[in-house]
Amino acid sequence: MVLEENECDSVFDLQITEDHVETHYGNVHCIMTGTLKANLPVILTFHDVGLNHKSSFETLFNHEDMREIIRHLPVCHVEAPGQHEGAKTLHNDYSYPSMDQLSEALPAVLKHFGLSRVIGLGVGAGAYILAKFALNHPDMVDGLVLININPSAEGLMDSVASKITGWTHTLPDTVITHLFGKDEIETNHDLIATYRHNITTTMNQSNVTQFLQSYSKRNALEVERPVPGGNINARTLKCSTLLVVGDNSPAVEAVVDCNSKLDPTKTTLLKMADCGGLPQVDQPAKVIEALKYFIQGMGYLSSASMTRLRSRTASSSSISSSDGSRSRAHTNELQCVRTHSHSTEEKRGRSHTDVSMECNSSNNHISSKST
1 MVLEENECDS VFDLQITEDH VETHYGNVHC IMTGTLKANL PVILTFHDVG LNHKSSFETL
61 FNHEDMREII RHLPVCHVEA PGQHEGAKTL HNDYSYPSMD QLSEALPAVL KHFGLSRVIG
121 LGVGAGAYIL AKFALNHPDM VDGLVLININ PSAEGLMDSV ASKITGWTHT LPDTVITHLF
181 GKDEIETNHD LIATYRHNIT TTMNQSNVTQ FLQSYSKRNA LEVERPVPGG NINARTLKCS
241 TLLVVGDNSP AVEAVVDCNS KLDPTKTTLL KMADCGGLPQ VDQPAKVIEA LKYFIQGMGY
301 LSSASMTRLR SRTASSSSIS SSDGSRSRAH TNELQCVRTH SHSTEEKRGR SHTDVSMECN
361 SSNNHISSKS T
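Counted the way the UniProt record's numbering counts, the sequence shown spans residues 1 to 371.
To be clear, the hints were calculated from the coordinates, so they are not data collected in a lab.
This list has only true hints and no planted wrong ones.
Here are the simulated DSS-like pairs of lysine-lysine, each with C-alpha atoms no more than 25 Å apart in a straight line:
(1) Lys111 with Lys238
(2) Lys54 with Lys88
(3) Lys182 with Lys54
Required output: the full structure, derived from the provided sequences and hints.
So this is what it looks like as structure tokens:
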């Protein structure tokens, strides 16, 4: 994408290279890649605490299966103030923006790039920011892919635990326990070492601390599941939404809770088996498959234009369901997987679109659980 210098507002600082446009809006760092196409949205990403667009999404977007998607859809990466690689320490008098303020910075970023509609892809704090953005600007968001989202404010006990952790743990330790579950920390030493090294050497820890503190002070999303015969104007996400979490992630309960609060006719929960705190890093191919069908479900990217991904899709797969007293259903092709809707509120408050994927390396079958 190419922008003329005179198109730039004074608050933007542009850096243009052959393959992308890099800019700052205030202290928000943005990287735009690809070419805008009429009637197609842009993938808008936002990272989690202790990460930036590279450590959050580089594995995903560099995967060969992702090439077919980004060939059609441009990508705009947004990084919170001071979280990009090599960032200088923010001034002492700088007041770090709240989660609400970060979400309200996005319309100006999109306007600057001439973007009108996006598909949001966020992780953790980034997922929360994109969800808040979609709640306040539903006309600008066609869909959301939210990984490890926590819709709740930090409770009193969580706040006390965080302070105690801050006294007894270093910042890298705190971030690691936020990103990864206990089992993953104890067993996947190489991955943990990689991210610990990234936090300590490429990130400005003073800035990361401020972003972490801002996230810990977030308000609840205040979303409410629409109930037949109830409040038809319930505040909820209006767009198609895919919630993603690994079954070993520390965010499992929070994501399930978020799923119970959203419109079941528009929301799908993908709980990935044998997967850790960062599904897009741990199992990028599976996340890309889910992203592919999610985008196609919104009417973008016909199957004919997705030849690479389609040819790489497992030729046979099965669907089963179980969650307590869940019913079971089956299909033979992953390409034919469809989530269906019920208007009945479930006793446990979980959406019928709750899906879990498991990969069996011995036969390349994929098993999904749904209610």
